[in-house]
Amino acid sequence: MEEGTGPGPLEPPPLPYSLYTRKKSIAFFWILFVVDTLGQPIALYWGLWYGTDLSHNLVFSIVTACLGGISVVEYFYRLYNLFRKDSRARPLNARKSWLDFFHINFTIVWLILAVELVVGSVPKEPYVRLIAMVLPTVMFYFGIVHLSLDILRMCGFKAPFRISSTPKGSVMPTALYALIEDVVAVDGGGGQIYRYALRTRYLSSPYFRRMLFEMNCFWSGGSIIFAAAFTAVIFTVQENVAFTLGWTLPFAWAGLWTLITIPWVQSDLRREKKAWAENRGQGGIPWTDDITAPTARTRFESVQEHLPSFLPWVRDKQSTPSTPSADGTTGVEHQPEDKPAEKSDGVPNGVSDGVPDGLPNQVPASAAGEHSH
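In this text, residue positions in the sequence shown follow the UniProt record's numbering: the first is 1, and each later residue adds one.
Source of the hints: derived by calculation from the structure; they are not laboratory data. Please note: incorrect hints may appear among the correct ones.
DSSO-like cross-link-like pairs, simulated, lysine-lysine; straight-line CA separation at most 30 Å [to be verified]:
no.	residue 1	residue 2
1	K168	K158
2	K168	K124
3	K96	K168
4	K274	K23
5	K23	K273
Derived CB-CB ranges, DEER-like [to be verified]:
no.	residue 1	residue 2	range
6	S55	V34	38 to 46 Å
7	I260	D53	40 to 48 Å
8	L54	A232	37 to 45 Å
9	I104	D53	19 to 27 Å
Beta carbons: idealized from backbone N, C-alpha and C, even for Gly.
Use the sequences and the hints to build the structure in full.
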């Protein structure tokens, strides 16, 4: 983003990041990740278990020792980028020693998996089914954490501690917002410039917040349900089949969910832009994470209209009507001209009238307009 430029008043604030220009590096990373997390454990298990005379304990000692190399490298790469003195990837206004929300969860889930792998592989006859539960455990963990955050958000709870760039005491952010912010800023190289731009978009667009909430429920709810199904399969079928399915089924689920997500998000982003053009995407209190803010109907809500009315989440559901404005257009109610709306405490500095004033080369310490905790 160049200084002094910004989106027009009828467009949502832009996100200065393109996946298209990084498609080669993204593809390279995911190929290595799939080989390391899917191909390697299955190949080692079948090759060493049935192709050698090694003890079963030694077979799984080798399998677990070789597991997760890419994830370990990624963990320390993130840690270095967050802790280094001149870091431009850490959360806005956070202390040097503060990890982002994704890295905190990354650490916890690795500790859980370490215990799981040690307990499963140490016995003379390893617990094959327990070792097959590594990926379903990850699905359970992130699904429960992310869904819990959004349930707390809808219940009106405040953030009990800093969640990436969201300070302690602020409205609980939708979990997917924190995940996108952290992964793109650190792993994707977007840095604090992206954190700032995403926070600007998040606070200014109720439609964007609603889309992230629905997408988070889709992924976290799906991960819990399918992890439970995979667990039932793992503890039902033969051990060798259970090990294979435990490492392959989660990837199949993630691939299916991704194929559903891509057109869904693309459609919602078009709807968001249209809502802004019609002045229907800017409801609620300006620059505030208002969970009750009215917004245009999302794609998910449009699909709900075609579902049978006997379903509990469809019955009696009505979309929020648009409020007619003084000039006859639909949208949020206009503020009186002689009393302009005040900017809330949550608005990032350097933003006026919904338009970023431009980002300097280094995001200022007050980029998010909030004190560090």
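Okay, the hints, checked on the actual structure:
Between K168 and K158 the alpha-carbon distance is near 8 Å, which keeps this suggested pair within the 30 Å criterion. Restraint check for K168 and K124: the C-alpha separation of about 48 Å exceeds 30 Å, so the hint is violated. Straight-line distance between C-alpha atoms of K96 and K168 comes to about 17 Å, which keeps the hinted pair within the 30 Å bound. For the given pair, K274 sits about 28 Å from K23 by alpha-carbon distance, which is consistent with the 30 Å threshold.
About 25 Å separates the Cα atoms of K23 and K273, which keeps this hinted pair within 30 Å; it holds. Distance hint for S55 and V34: a CB-CB separation of about 29 Å, inconsistent with the stated range 38 to 46 Å. In this structure, I260 and D53 meet the distance hint of 40 to 48 Å, their C-beta atoms being roughly 46 Å apart. A beta carbon spacing of about 31 Å between L54 and A232 contradicts the range 37 to 45 Å that was offered as a hint.
As the Cβ distance of I104 to D53 is approximately 44 Å, the hint placing it in 19 to 27 Å is violated.
Violated hints, in rising order: 2, 6, 8, 9; the structure is consistent with all others.
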